Amino acid sequence: MYLHDMSDPLPWPDTLPADMPSCYARSALMVSRSLVRAYNAALREVGLPITQVSLLVAIRRHPTATLTSLAEGLALERTTLLRNMRQLETTGFVEPAPSRGRARHYRVTEAGEAALARAYPAWVRMQRTLQEALGPDGETTLAALRHLRQVAGALAAATDPSADEDTP
Numbered sequence: 002m003y004l005h006d007m008s009d010p011l012p013w014p015d016t017l018p019a020d021m022p023s024c025y026a027r028s029a030l031m032v033s034r035s036l037v038r039a040y041n042a043a044l045r046e047v048g049l050p051i052t053q054v055s056l057l058v059a060i061r062r063h064p065t066a067t068l069t070s071l072a073e074g075l076a077l078e079r080t081t082l083l084r085n086m087r088q089l090e091t092t093g094f095v096e097p098a099p100s101r102g103r104a105r106h107y108r109v110t111e112a113g114e115a116a117l118a119r120a121y122p123a124w125v126r127m128q129r130t131l132q133e134a135l136g137p138d139g140e141t142t143l144a145a146l147r148h149l150r151q152v153a154g155a156l157a158a159a160t161d162p163s164a165d166e167d168t169p
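Residue numbers (our numbering): 2 to 169.
The set of hints was computed from the structure by calculation and includes no laboratory data.
It should be emphasised that the depicted structure is a prediction, and the values quoted were computed from it without experimental measurement.
Check each hint, because a few of them may be wrong.
Claimed, not checked - Derived DEER-like restraints, expressed as beta-carbon distance ranges: (1) Gly102 with Leu156: 29 to 35 Å; (2) Arg147 with Pro99: 29 to 35 Å; (3) Arg119 with Ala98: 19 to 25 Å; (4) Ala158 with Leu131: 25 to 31 Å; (5) Leu30 with Thr160: 17 to 23 Å; (6) Pro99 with Leu143: 35 to 41 Å; (7) Ser33 with His63: 19 to 25 Å; (8) Gln151 with His63: 18 to 24 Å.
All residues carry an ideal CB built from backbone N, CA and C; glycine is no exception.
Whenever a hint applies, use it, and build me the whole structure from the sequences.
Structural data, given as structure tokens:
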């Protein structure tokens, strides 16, 4: 059921609002997509996308983390995380780790460690390239992105009760 009578058009302007280019969500999505493309291009020779590299690094750094805490730490929907975990498990880069209770834990396998070792030089090159391109503003930019994530996360939690749910 719609909250708005769909036979009556929504009050959206005929043209995009003049301030649409300054929309935080739009800008963040554009930056994210551009960065992912750049990192994926750099990592193509290794055969790992940046999403898998990030996830492998997170698992390696936090071996006792639950899937829920990994999802929160990486700002991923739990379903997205589960899909990525299945891909990593299928390739043999992660495997379930012994755990207590119902929480699932994973560990990076030898094959996963080898993949990370192959990916690291390409990742370092991309990091340096970005640092050089951003110049002295790089650290400020990174701090602003971290702050934006904190603020947006708090707003999402305050306005979307399902954002905190732990559903498989």
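Quick rundown of the hints versus the structure:
no. : hint                           : result
1   : Gly102 with Leu156: 29 to 35 Å : 32 Å, holds
2   : Arg147 with Pro99: 29 to 35 Å  : 34 Å, holds
3   : Arg119 with Ala98: 19 to 25 Å  : 23 Å, holds
4   : Ala158 with Leu131: 25 to 31 Å : 30 Å, holds
5   : Leu30 with Thr160: 17 to 23 Å  : 18 Å, holds
6   : Pro99 with Leu143: 35 to 41 Å  : 36 Å, holds
7   : Ser33 with His63: 19 to 25 Å   : 22 Å, holds
8   : Gln151 with His63: 18 to 24 Å  : 19 Å, holds
In this structure, none of the earlier numbered hints is contradicted; all agree with it.
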